[in-house]
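Trainee: Here is how the chains run, residue by residue.
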Amino acid sequence: MIAAALHGALPWRNPVFVRFWRSRLRLRRSVFWYLLTLIVTTFIVTLTYIVQTNTGTPPQDAARSLWIPLLIIQGLILMFKGTGSVAAGLIQDKIDQTLDYQRLTPVAPLRNLLGYLFGLPVLEYVMFALTLPHLAFVVVVGNVPVATLISVYFSFFVCVVLYHMTGIAAGMVMRRWIWGYMLSILLVLVVNVILPTFIAQLGLKFFQYLSVWPVIGQKVLPLIVPESAIAGVTSRNPYFATSGDVPFFNWTLSPFVFTLLLQGALIATFGTMAHRRWKSSTRHSLSKGYALGFLAGFIVVLIGNVWPIITRQYMPFALFGERNLENLGEVVAIGLPLVYVYVVWLLCIVLFSIVIPTHHSYVRGIRRAMKLGRPAARMLDDDAGTVSFYAIFTAVAVGGFAVLFNEISVAGFLEPFGEAEHFWRLPVVFALVLFYTALLLQALGGRPTVLVVLLLWFLPILAAIVVSAAQSNFGMAQSVIGSFSPIAVVFASGMLPLGAFEMGADRELSAALVGANVGLAVLVVQIAALWLHWNRRRREYDALCRAREESHSAEIDEKELRDVVEDVLGAAPEPVNEAARS
Amino acid sequence: MEPARTETPALDIRNLRVDYGAFTAVHDLSLTLMPGEIFGLAGPNGAGKTSTIRVLATLLEPTYGEVDVAGRDLFEETDRAHEVIGYMPDLAPVIPDLKVWEFLDLYAHSHGFKGGEKRARVDACLEKVRLTDKRNVYGRALSRGMTQRVVLAKTLLHEPKLLLLDEPASGMDPIARRDLRRILEELADGGATILISSHILSELSDMCTSVGIMHLGRLLRYGPKEQVLGEIDEERTQIRIEVLEDAETVAVRLESRDDVDAVRVEGRRIVVGFRGDRAARARLLRELLSEDVSISAFTPERSGIESLLMSLIDEDRR
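Quick note, the sequences are listed as chains A and B, same order. According to our numbering, the stretch in the first sequence is residues 1 to 582, in order. According to our numbering, the stretch in the second sequence is residues 1 to 318, in order.
Calculated from the structure, these hints are not laboratory results. In this text the structure is predicted, and so the values were computed from the model without any measurement. One should not assume that every hint holds.
Going by beta-carbon spacing under 10 Å, a handful of chain B positions derived as facing chain A [to be verified]:
| # | residue |
| --- | --- |
| 1 | Leu59 |
| 2 | Gly86 |
| 3 | Ile95 |
| 4 | Asp97 |
| 5 | Val151 |
Ideal placement from N, C-alpha and C gives every residue a C-beta, glycine not left out.
Let the sequences and hints guide you as you build the complete structure.
Mentor: Put into structure tokens, the structure is as follows:
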């Protein structure tokens, strides 16, 4: 049985892989890319090596220093070009309907998925293979340990598979190849370039482990930088800032293991999305249960990474540029909860947009439920628009906040703020904002929600900025205008304790307080309005379905149709929609 | 051709419904097809034909309904159903950067054929659709009709027991259509069941053993072709009358008759929708001649199932 499974797993036994092997590797079309790879790689490797050895660097060190540029070239080929090819190729197949052909073959979904995953970027794998002679030079002349080589490339390929899975998921969901191509490449860019230099500073260190940099930092850096200089390099270069052990609650994990765990979980998630869409193109990319589990897992990783900081044990990495635990008071008490709220909110927006049914599928859910004699679709069904589920989602997110904030409080980070009375605001606003977001998507649907986000989330902030610029200070008007945006309300609610601590009850604080109160009231009013709107729509849909069902029953009244047939044909009436054959 | 009847229907659809939001594309459709049957599903655009076929091909999830293919639940045993279903979509594409033989090889491989058997199947199917000489042509270089034939060959690779063909003859030339009919008859003789949809109804009357008429998501009528067409022949015909004098004047006279429900003038030719049997048609001719109309031709035409379709749709709209 294992032999049969292995036999089936061979690439040339996979019809989808063979298809791309044939179509993408035709010499006439691919020779340009082969030559480009050979010329660019050889130029960089040769030039760097000659320059280094001419300046007195020993051949072994010069060869080792070629590894990172070589990894960058290999990353550009497989991670950027390859990911784009996967997304664009899959979308093109979807547009051409050839994906439907493949769906209808008895090939197992996983095998199909593997065929697309390794077949679509087959040209890029061959281009990668053309850089192997250069890698061999690095390994042989640089005397690179085989174990290091294996662990770096194992991690490199896990990363490549993760990005290509992103491309598959984008291809399954998006409709225009150019958007899928750009989105997936942008994602790789964000994970590899933007996250290490910016987001990681906010305590979201684990995002960095979605790239191959931590493993390069841990495995390659010691080979090319003297041991005494490693600390300096890692502190100056954000790409290698994660080369130390990874904090996870009270444990530490090696970057290699943590990277594999994190990327493995994401590969599984993207695989689930692709598998669901493969089975049925009308299904949601994730089930409600999976989305809830993903949110919970994300919160656990997020809190686990900052655990040593919020429990005042040690500083595993710089937070907002600060490395001294004793100087972190307001950064931990005010900054981390705000970061948590914004990041979890952002994730919830993504998950809500996946799992909240469109009105079309909601109506389908009602009809299906009616047919099955149920009062409504079951809570976890794709077509169910269950408000109680959004409450559970909100509870999980707020529960994570409670754990984070409790630890911050127990560790004494709140003590400098004395009896500050505004700490209750952020969790309350957070819960309301999450519920509001879910209701917004459910009640109005996708496109109107985008309009609301533009007009009610961003416009008030922009208006407040313009008014501030005109008045040269922060006053009541800006505060009230800005408070119409939930983004600003969250910020105001999170920052109020700091304002109260630093400024006392001065004019600016009272303006911020009024703004936060107005914002809270606006949020509550919006939730009430959306709730009423959704309930009205729900009743309308319900009535519509029942009315149609009844009228349809009348429509298909057999006698009536028999009369129609008789009248038209002058023939003996036959039962219609039954066995109407003679 | 009388379909061979067995206990287990090849396709059994019960209360199938497909909704796109508030719009109902397929309205509680029930239909049973026996092995060997070539069933033509006719209806105007938007009737629900393609939605029905896409559900049967498992490419569209219905709102509700049950479908059994050869006695097996389509939605519970989807993978097994794929082994016996062949689907050819409307405007079927081929993969542009594969050669014809590579395209067929991909799906033969996907259906589990290997080595010599795979090559033999590809060659046999190419021969069947008369495209052996095009085996090395790229998909992007094929004409519309050739593309249809290549996709038909792909659909036949695994010798499906249930063929779902959505507008298969669109773009095919008359010879290719004749070949299509021949292939379908051969398959049906071998026990395969074929569901074929078209809004070009004359295609169906040529190819099918039974016909169903769909409108606004409902199956208004279905049964053996001979019976359906026989009924229509007796009831409503189209008569082509060619006159030597002013056709408009004659048309006005014809429109005033109770047994004429449509009149169209094309130069000296008048096309009349006539309701009545042979005796009534003879009476009409006699009356026109007695009114001194100079008739050079009087040709009753069997209007096929278009006539039934139009009648049923008219009634349904009323």
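Trainee: For this structure, which hints from the list above don't hold up?
Mentor: none
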